[in-house]
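S.K.: Spelled out from the first residue to the last, the chains are:
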Amino acid sequence: KAGVTQTPRYLIKTRGQQVTLSCSPISGHRSVSWYQQTPGQGLQFLFEYFSETQRNKGNFPGRFSGRQFSNSRSEMNVSTLELGDSALYLCASSTGTAGGTEAFFGQGTRLTVV
Amino acid sequence: QKEVEQNSGPLSVPEGAIASLNCTYSDRGSQSFFWYRQYSGKSPELIMSIYSNGDKEDGRFTAQLNKASQYVSLLIRDSQPSDSATYLCAVNPLNFNKFYFGSGTKLNVKP
Numbered sequence: 001k002a003g004v005t006q007t008p009r010y011l012i013k014t015r016g017q018q019v020t021l022s023c024s025p026i027s028g029h030r031s032v033s034w035y036q037q038t039p040g041q042g043l044q045f046l047f048e049y050f051s052e053t054q055r056n057k058g059n060f061p062g063r064f065s066g067r068q069f070s071n072s073r074s075e076m077n078v079s080t081l082e083l084g085d086s087a088l089y090l091c092a093s094s095t096g097t098a099g100g101t102e103a104f105f106g107q108g109t110r111l112t113v114v
Numbered sequence: 001q002k003e004v005e006q007n008s009g010p011l012s013v014p015e016g017a018i019a020s021l022n023c024t025y026s027d028r029g030s031q032s033f034f035w036y037r038q039y040s041g042k043s044p045e046l047i048m049s050i051y052s053n054g055d056k057e058d059g060r061f062t063a064q065l066n067k068a069s070q071y072v073s074l075l076i077r078d079s080q081p082s083d084s085a086t087y088l089c090a091v092n093p094l095n096f097n098k099f100y101f102g103s104g105t106k107l108n109v110k111p
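These protein sequence lines map, in sequence, to chains A and B.
In this text, residue positions in the first sequence follow the working numbering: the first is 1, and each later residue adds one.
In this text, residue positions in the second sequence follow the working numbering: the first is 1, and each later residue adds one.
Bound conformation, chain A alone:
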């Protein structure tokens, strides 16, 4: 059974640019959540998509957005990149049903903004 696939693994961008990250969840999983991980702030929740709808949102500015496609694949976009956006971006896949199901992480995309 294939795991969670994130692409690309590494990205280097300059300030002001935008970036799109992709996440393919485990087959059969309908929920994809996105997290930002930095040494100072730890793992912070960005948003969650379930069946193409954003179901939860964290406390990040509107520059961070996402979407989910009918095949459950999800993309995350960050516009007008800032140096502080440098981080490991992780997506987590789960069935998304009630009760807090187990979530499995992809390998992450390491974004460096210069």
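Because the hints were derived from the structure by calculation, they are not lab data.
Ideal Cβ placement from N, Cα and C applies to all residues, glycine included.
Incorrect hints may appear among the rest.
[Said to hold, decoys possible] Here are some of the chain B residues that sit facing chain A, going by a computed Cβ distance under 8 Å:
(1) PHE34
(2) SER43
(3) PRO44
(4) LEU46
(5) SER49
(6) LEU88
(7) LYS98
(8) PHE99
(9) PHE101
(10) GLY104
Please arrange chain B on chain A, whose structure you already have, making use of the hints.
M.R.: Only chain B this time, still in chain A's reference frame:
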């Protein structure tokens, strides 16, 4: 107050000893609790989930949950150097798939 609190460590234990990792959470309505292991430069890996008060054992790992005290712990028996990693406690309140993570406890198992 953070939603999930963990001692950042490092926690150092000798090989073969029991490592005890602790976590407290603030949302009394939280229903689901998870422990993840994260090796340096890698993504978090789910190792335990627990939903009810009491103990849950899986191999060398035991998760303990006390909802009245809002406390979750992870015991690692017969610790091995390969257990050296950062252990993240995650809590899911009633909201779907919105996990709150602690900052993680770094565990060092010395041969």
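S.K.: Closer than 8 Å between Cβ atoms is the bar; does LEU46 (chain B) clear it against chain A? Give me holds or violated.
M.R.: holds, 6 Å
S.K.: Holds or violated: the hint that GLY104 (chain B) contacts chain A, with Cβ atoms closer than 8 Å.
M.R.: With a closest approach of 7 Å, the GLY104 (chain B) hint holds.
S.K.: With a cut-off of 8 Å, does the beta carbon of SER49 (chain B) approach a beta carbon of chain A closely enough for the hint to hold?
M.R.: Holds: closest Cβ of chain A sits about 5 Å from SER49 (chain B), inside 8 Å.
S.K.: Against chain A, with CB atoms and a cut of 8 Å, does the hint on SER43 (chain B) hold up?
M.R.: Hint holds; SER43 (chain B) Cβ to chain A Cβ min 4 Å, cut 8 Å.
S.K.: Identify whether the interface hint at PRO44 (chain B) stands, where standing means a beta carbon of chain A within less than 8 Å of its own.
M.R.: holds, 5 Å
S.K.: Holds or violated: the hint that LEU88 (chain B) contacts chain A, with Cβ atoms closer than 8 Å.
M.R.: holds, 7 Å
S.K.: Was the hint right that PHE99 (chain B) lines chain A, CB cutoff 8 Å?
M.R.: holds, 7 Å
S.K.: Hint LYS98 (chain B) vs chain A: min CB-CB distance below 8 Å?
M.R.: Check passed: Cβ of LYS98 (chain B) comes within 4 Å of chain A, closer than 8 Å.
S.K.: For the restraint on PHE34 (chain B), tell me whether the closest CB of chain A is nearer than 8 Å.
M.R.: holds, 7 Å
S.K.: Under 8 Å, Cβ to Cβ, is where PHE101 (chain B) needs to be relative to chain A, so tell me if that hint holds or is violated.
M.R.: holds, 4 Å
The structure shown violates none of the earlier numbered hints.
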